[in-house]
Amino acid sequence: MPSLLRRIDELLRPDHWYLEPSDLGFFLREYTKGGGYQASETNQLILNLKKSPSLRGTSQWKYKGIAIRRCANELKSALAKYLDGWTIVPIPPSKARDDPEYDDRLCQVGQILCAETSARFCELIVQRTTTPADHLQDSARRTPDLIAANYWIDEALAAPEPTHVWIIDDVLTTGAHFKAVQQVLLQRFPVAKVCGVFIARRAPLPDEPPVNG
Amino acid sequence: MGQRSLLFAGSGSPLRSISPFLEMGAYEALWSKPGATFKRLAESFKENADALPSDLVEEKTARETGERVMGHLRERGVVRFGIRVHGDAEYPDRLRDAAYPVELLYFQGAWDFVESPSVAVVGTRQPSPEGVLRTKSLVKQLVKDDWTIVSGLAAGIDTVAHTTALEVGGRTIAVLGTPLSESYPKGNLALQADIARRFVVISQVPVQRYGQQIWKQNRTFFPERNVTMSALTKATIIVEASDTSGTLVQARAALKQGRKLFILDSCFRNPAIKWPADFEKKGAVRVDKYEQIRDALASSSN
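For the protein sequence lines, the chains are H and Z, in the order given.
Its first residue numbered 465, the first sequence is counted upward by one per residue in this note's numbering.
Its first residue numbered 136, the second sequence is counted upward by one per residue in this note's numbering.
Extracted from the complex, chain Z is given alone in its bound form:
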């Protein structure tokens, strides 16, 4: 369909190729259909093996949607951005470990950093003072060992993880729960821009759908990006989280995807929560010294 038939269809089968603009429009159009979810989209790509988003959408619809989305992003100051589609050479195969893998991602910055060895450092939006100090110390040691720090740009632990990595000259990647054109919390707008300029910011959130929904519906994009964050990284480290924290979505995803899950010992010593013990039973590693993380990562073939 579309672009792919442009090239000398008369000489046999058309050259199958990806037009990033068309794929973006098609992905956004799929997301604008009623009832679209990551689960439904993933299922439809499973049924249509090797299909590109543009194989499932009329070309006219894809183009019109693509124009709208590009216009919106430009209006919001997102002029330079890229996309990754399942099937292009830089789409990370490890994303397929997610239960419902994303077919398309937006990014701003240097995608190359996605290939650097990385771990996710995540946790509550309302950390204790000790939690903040633990995050800083952990990130400094990870950076020293040449790990890229991946987090979700949320308030609290995520923000401390990103800013500490930047302060000590490390690499950091933000996986957003919003489209590239938004920042959440708003106070992290400058941090998001800084990470995009120096490293890379990633979003799987459909721009058009996000704009058509109210914030309550858009909230679901936050835990969903945690699944992708886990799939992108070799391990997830949880510094501090409550029993109802969205961070636990990432903990579950990490174990399901065969990634290492580290939980700081301090979480186990908090009598108010029970999730650390539950996850330890399922395979998470309880750590009270950084060296345990270093050794486990060194022996990991993931």
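Okay, chain H solo, but in the shape it has when bound:
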């Protein structure tokens, strides 16, 4: 059978500590933080998806395109009827458009996802300044409030008002970016249903200390 989405529930929520019991967060794949078998299918898919824009023009670049299409198609088949009428909002890339490292992979995933459906792909959340990519700094300090302070709604795209939103991201770690986007969206559109869907969630190793908060 085709793979089903999994829900972040009471078993998994401690790994993504910013998520709350009322949040509806789903994911397709799972891989292990800081290790695992690098040749595993999910690891490869995520590594290819995240290939740096500096590799554009090299022989490796095509794998990024393949990963983008595959992720989009897997999401499309898993979300099925939960696309028509929905607004798809990507987590903004960490780099601004004029930055050489600007990576629009999630936008490409979102556009393929919405093609031939009545879902609307919409870069509704814009980031004010380039921020360091999360893996380059202590991500535990990046609280949703701190991230949200750097986000604003692109009012040119705010109509029609979204009623059902999928926030999409590639890898779910702490959940801080999801919560930040959710917060900004709900401030502006208080009655919208805002859910998250992730290509993969990052699972911790057994001896990592549990996080409270």
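Quick caveat, the hints were computed from the structure, so don't treat them as lab data.
Hints are not guaranteed to be accurate.
What the hints assert, rightly or not - Below, a list of computed lysine-lysine pairs in the BS3-like style, where the Cα atoms sit at most 30 angstroms apart:
1. K181(Z) <-> K545(H)
2. K279(Z) <-> K497(H)
3. K181(Z) <-> K497(H)
4. K540(H) <-> K526(H)
5. K657(H) <-> K424(Z)
These numbers were taken from a predicted model, which means no experiment stands behind them.
Start from chain H and add chain Z according to the hints.
Structure of chain Z alone, referenced to chain H:
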């Protein structure tokens, strides 16, 4: 039922998805019904194609059972663990080659290693000194050829297989005959924790049922995990085993599942046992040199 209807049921059919906690509770609840066996469970999933455990159990029962099981595991120090359910993207399709495939597995560690090319090295709990040396030599060569060593964490050959793999910097996976919260033999507690920390430990044994039964009934979980071990790997290699060894369950499963079965030549030279010749007739490969295993695995498309 349950979680899956949470999401905007008004907008048409509910989004079908897996809640790992709910599935764990449902699987454990199914196992707590009188007469539950891997065979009966597999048959009931065969009758209900594409069903998840939670489709066959009341949500309230699944949740209550899930809470109990999670509480028990935490009490026993198993805080971080995961599950794989038939239907999730990482559940290995090759498990369906087993006669009665498991619908749900527990694990601790990095599941990604399950996707690495692997072979099972198994055998008696009371090996001869030569058997121990043969296991060490075999595992070293397999690791050199980049195979992950899968075994059952039992005393004897299994323990030597795991520890040798770790000593020479290889990968190893343990498939337990107990729940994650137990270690058997007790002396392998540290080894189990080490494999979970660095690689992955897998268990198909239902936690609640295990706790409700006496050890005699729980013994059946050991040969049953051998069937899963065979299904997970490309081949099974038997180093040393008696005519009544549980290892032979895995030998039978390997042939039935279309996996390669290698039996070391030394087993054939033991006049006290007859199983090696029986299995050779059924398709097992008798090996006296490691190269035979290497060549056969290289040509295997399994």
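Cross-check of the supplied hints:
{"no.": "1", "hint": "K181(Z) <-> K545(H)", "in the structure": "holds, 27 angstroms"}
{"no.": "2", "hint": "K279(Z) <-> K497(H)", "in the structure": "holds, 26 angstroms"}
{"no.": "3", "hint": "K181(Z) <-> K497(H)", "in the structure": "violated, 35 angstroms"}
{"no.": "4", "hint": "K540(H) <-> K526(H)", "in the structure": "holds, 21 angstroms"}
{"no.": "5", "hint": "K657(H) <-> K424(Z)", "in the structure": "violated, 64 angstroms"}
Hint compliance for this structure: hints 3 and 5 are broken, all remaining hints hold.
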